[in-house]
Amino acid sequence: MSRRPPRGEYIETDTGNKVARKATLVGTQNIMLGGKTVIQPEVMIRGDLVRSVQSSSSASSSTGAPANNTAVSIGRYCFLSRGCCLRPSGRLYKGAFTYMPLRMGDHVFVGAGSVVQAASIGNHVHIGAKVVVGELAIIKDYVRVLDGSVIAPNMVIPSFSIVAGQPARVIGEVPEGGHEDFELREMYKTVGNNVNPAPS
Amino acid sequence: MAAASSNKRHSILPPVQAGGPKPPVQFSSSITIADSAILTGPHLIAIGSESVIHPRARLESQGGRLAIGRRCIVHERSTLGCAPANRPALPSPVGLQTTDASLPGVTLGDYVTVEVGAMVEAGNTIIGEGTTVGVGARVGKGAVVGRHCTLTPLTVIAPGDVVPEFTVVYSNGQRRTDRRGAAGLRNKGQARQIDVLRRMIPSNPGKFSQ
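Protein chains in written order, with full-length UniProt numbering: chain A, 1 to 200; chain B, 1 to 210.
One should not assume that every hint holds.
[Said to hold, decoys possible] Okay, the calculated bits of chain B under chain A, using three or more residues with CB under 8 angstroms as the criterion:
| # | segment |
| --- | --- |
| 1 | 158-165 |
| 2 | 169-183 |
| 3 | 188-199 |
No lab work stands behind these hints: they were computed from the structure.
Values in this document were obtained by computation on a predicted structure and should not be read as measured data.
Here a beta-carbon is modelled for each residue, glycine too, at the ideal position from N, C-alpha and C.
Can you make the complete structure from the sequences, with help from the hints?
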């Protein structure tokens, strides 16, 4: 393995996550990263906004630490560009206010300056720059959100759609064979402390 | 197994660098203000009871004093009292004090929500009770937004513009009137949200009050 410089721009974890030192992660104990995820500088993730009302089944087992307190979970090969913000969305549930966890699948790209407050985002989703994803929106797999879109709260976007606009509407479909563009493995390799791996 | 944030690793919260003078503040005893909120400027910043200021929210009083009503929520990365867009930065606070000291910079009514990354420019800007300023929206200098309005994400309100009460501004500046009559319900929801946030956000008003 190549030697690591003592203090690079990114913190590289054992599971291959690359987290910028200048990222603002609040409540890190409630943020789950699936591995090989890139978090660029100035990204903000609100892990402190956890679910405050547990579902009735898990509330009964009140002994010890709560089983699942994850506020934001992110899959593998996700790419969070500079300045984007991920936060769980809140809503009234059974008369009490609670935050709902934000779940993100694999190979999700979030563009620069976007604010994501979705309930769930599927796999292979491309979110452009300056996008606002409204509270409790659900984005399925292989969706492309173009730059500057505003996705309304509670909107459900079906798989293989291309959405744009303010408020966002489905304007097209991902063409056949267009799935390859969503792969983020190559992009993962382009950032980090030593981009060109030194020959051992 | 895939948890990257192990307990060994410290929370990655870079220190906040707030330039300029520390503003005089007038906090109600029941507010919640995050440690990493940023307060700058020479003029008074007043925050009413039970309001919540999220981490990394910016309150700037360079352009006049800031008044935040009761039960407001100011989300992260939003800026209250920022310089107007056409001027990159306000002149030195010393020069401003003589001209704008009597003018309020930004006034938020009660139950106002300022969402993530929204900007409210200084210069006697007034936002009425129960209004929501959406994600990334920008309210221009001297604009008056009425009560119970909704400014949807990325809305821009021009400087000096007047938005009548119960207006919804959406889709690049289109407007309609909100006739749902849900204002009371919304305020109740806001109060519930504050109850939860007070438990979640570690408050440190002492940091700002010296």
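### Task
Please name the hints from earlier in the document that this structure breaks, with their numbers sorted from lowest to highest.
Number 1 - this is the single hint that the structure violates.
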